[in-house]
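First to last, the sequence lines map onto chains P and B. When you number the first sequence by UniProt numbering, it's gap-free, plus one each residue, and the end is 239. When you number the second sequence by UniProt numbering, it's gap-free, plus one each residue, and the end is 239.
Read the hints as simulated data drawn from the structure, not as lab findings. Hints should not be assumed to be uniformly reliable.
Copies of the same chain look alike in the list, so a pair counts if it fits in one copy or across any two.
Think about it this way: if two alpha-carbon atoms lie no more than 30 Å apart in a straight line, the pair counts; the simulated DSSO-like pairs of lysine-lysine are [as the list claims (entries may be wrong)]: (1) K12 with K76; (2) K135 with K76; (3) K192 with K135; (4) K68 with K12.
This one's a predicted model, so the numbers in the text were calculated from it and none came from an experiment.
Listed here are the chains, written in short residue letters.
Number of protein chains: 2
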Amino acid sequence: MSKGQPVRNLHKHVVDELGQRIVGGLFAPGASLPREEALAESMVVSRTALREAMKVLGAKGLIETRQKTGSRVRDKQHWNQLDADVLNWRCAAMPTDDFIAQLVEMREIVEPAAAASAARNRDRSQLARINAAYKAMAAAADLDAWVAADFEFHEAVLTATNNELLQSLFHVIATALQTFFQLSARKAKDFKYSLPLHFEVSDAIRLRRPDAAREAMRHMVTDSGSLMQARKTRRVTAA
Amino acid sequence: MSKGQPVRNLHKHVVDELGQRIVGGLFAPGASLPREEALAESMVVSRTALREAMKVLGAKGLIETRQKTGSRVRDKQHWNQLDADVLNWRCAAMPTDDFIAQLVEMREIVEPAAAASAARNRDRSQLARINAAYKAMAAAADLDAWVAADFEFHEAVLTATNNELLQSLFHVIATALQTFFQLSARKAKDFKYSLPLHFEVSDAIRLRRPDAAREAMRHMVTDSGSLMQARKTRRVTAA
DNA sequence: AAAAGTCATTTGTACTACAAATGATCCGTC
DNA sequence: GACGGATCATTTGTAGTACAAATGACTTTT
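Using the sequences and the hints, build the whole thing.
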C-alpha cells in the first residue's frame with residue numbers, strides 16, 4: 001500500500017484512503033465512521049468493496065465494528081503500529097519529530113542486538129553473504145552502488161540472526177525510515193566514510209564476538225542516526 | 001482472533017481457520033488455494049464472507065491473489081510476523097523450540113532497551129506508576145496478585161519509554177509468550193524471588209540511569225528466560 | 001514456427017435481498 | 001410517575017446473482 005501506481009485493486013485503494021484519514025487524524029479515535037452505505041457512496045464504490053476494506057482496517061486494529069452501532073475508530077493503543085501500512089500512513093501524515101525519533105530509537109535498539117545475535121548464530125554461508133556485501137561496499141564506484149551494497153549488508157546481518165521476528169521488525173522499520181532519508185546515505189564525496197565501521201561489524205561476526213559486534217553496530221547506527229537527525233531537522237524546518 | 005468463544009463473526013472464523021492452516025503448514029508457501037467458489041463451499045460460507053477473509057489474509061501478507069491465477073500462499077518472509085494473529089497461529093501450530101527461542105530473544109532485546117529508554121524519557125507520573133506497581137508486587141499476598149502486579153510493572157516501564165512502537169512490540173511478544181508460560185511466574189513458595197531485581201530497575205529509572213536500568217532489566221529477563229527455557233523443555237517433552 | 005488473436009477461467013465489483021443484532025422507543029403495569 | 005418489558009427502527013452481517021476485467025491457455029494465421 002501507499003506505494004505509487006494508480007492502485008489496481010479498488011478495495012486496496014479504499015483501505016489506503018481510509019487508513020490515511022484515520023492515521024492522519026481526520027477520523028479521530030473514538031469517532032464514528034459514516035454508515036457503510038453512505039461511506040461507499042461518498043467514495044464511489046460498492047458496499048461490497050467498502051466492506052472488504054473495512055475488514056482489513058479492522059484487522060489492522062484501526063476500527064471496530066458492531067451491528068447497529070456502526071464502525072468507530074479505535075484508540076491508538078490498539079493499532080497495529082508495526083504494520084507496514086500503518087507505519088507508512090504515519091509517515092505520510094505530517095510526521096512529527098517525535099515519531100521519527102521513535103523510529104530511530106527502534107533502529108538503535110534492533111540493529112546492535114541483531115549484530116550480536118548474528119555473531120552468535122550465523123552459519124558459514126550467512127557470513128559469506130555479509131562479507132560479499134562488505135566487499136561490494138568497498139568496491140562501490142558511486143553512491144547508488146554504495147547504498148545498494150549497504151542495504152544488502154544490513155539485510156545479510158539480519159538474516160544471519162536466524163530470527164524471523166527480528167528480520168521482520170528490521171524490515172518494517174528500515175522501510176519506514178527510508179521514507180525520510182536513505183539508510184546511512186552520505187554526501188557523495190565521502191560516502192565511504194563508514195566502511196571501517198562495517199568492517200568491524202563483519203569481523204566481529206566472523207570471530208563470533210557478540211559484544212564486539214553489538215558495539216561496532218551501535219557506533220555505526222548512532223553515527224548515521226545523528227546525521228539523520230540533522231537531515232530531519234532541515235526537512236521539518238523547510239516544511 | 002484465536003481467543004476462545006464460538007466466533008460471532010463468520011468472516012473472522014474463516015480468517016482464523018485459513019490462517020491456522022497456512023501458518024500451520026497445511027497450505028505450504030507457493031501452493032495455490034482452491035478457487036473462491038470451491039473454498040467457500042467447503043467452508044460452508046458465501047463467497048462474500050470468504051472474500052472478506054481473503055482480503056484480511058492478504059493484508060497480513062499470507063496470501064497473494066491475482067485474477068485468473070487465484071490465490072497462492074506467499075513466502076514466509078512476506079508474512080507480517082509481528083501481527084498478533086500470525087503470531088498466535090504460530091504458537092498454536094506445534095511451536096518449535098526454535099520459534100520459542102526467537103520470542104525469548106526478542107524479549108531479551110526489547111525489555112532491557114525499554115528500561116534504558118524509560119530511564120531517559122519517563123516523566124513524573126510514569127515513574128509513579130512504576131513505583132506503584134513495584135509496591136503492589138512487594139505487597140502481593142499470593143501468586144495471582146504477584147503476576148498481575150508484575151505485568152503492570154512491565155507495562156508501566158514500557159509506557160514510560162514514550163515510544164509507541166516499542167510498546168506495541170512488547171505487547172505482541174509478551175502476549176505470544178504468555179501462550180507458553182506466565183510472564184516471570186515462579187513456584188508459589190518463592191514467587192517474590194525477583195523483587196530485588198525489580199527494585200533495581202525502578203530505582204535506576206527513578207535516578208535516570210539508562211545503563212543501570214538496562215543491566216538490571218537484562219538480569220531479570222535472562223533470569224526468567226532460563227526458567228522459561230526449563231518449562232518449555234518440560235512442556236515439549238510432555239507433548 | 002512464431003505471432004497474433006480468441007477463448008475459457010478465475011477474481012473483481014456491483015447490486016439486491018434478507019438475517020441478526022441492538023439502541024431507541026413506546027406501552028403497560030405497579 | 002417510574003420501572004420493566006415488548007416492539008420498532010437502524011445498521012451491519014451473510015447470501016446469492018450478474019457481469020466486468022484480467023490473463024493463462026489454446027487456436028489460428030502467416
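Hints and how they fare:
1. Taking the closest pair of Cα atoms, K12 and K76 come within 30 Å of each other both inside a single copy (22 Å) and across two copies (22 Å).
2. For a Cα distance limit of 30 Å, the shortest separation of K135 from K76 across copies, 29 Å, qualifies, whereas the shortest one inside one copy, 44 Å, does not.
3. Taking CA atoms no more than 30 Å apart as the test, K192 paired with K135 passes inside one copy only; the shortest distance there is 12 Å, against 52 Å between copies.
4. In the homo-oligomer, the alpha carbons of K68 and K12 lie at most 30 Å apart both inside one protomer (25 Å) and across protomers (19 Å), since each shortest distance falls under that limit.
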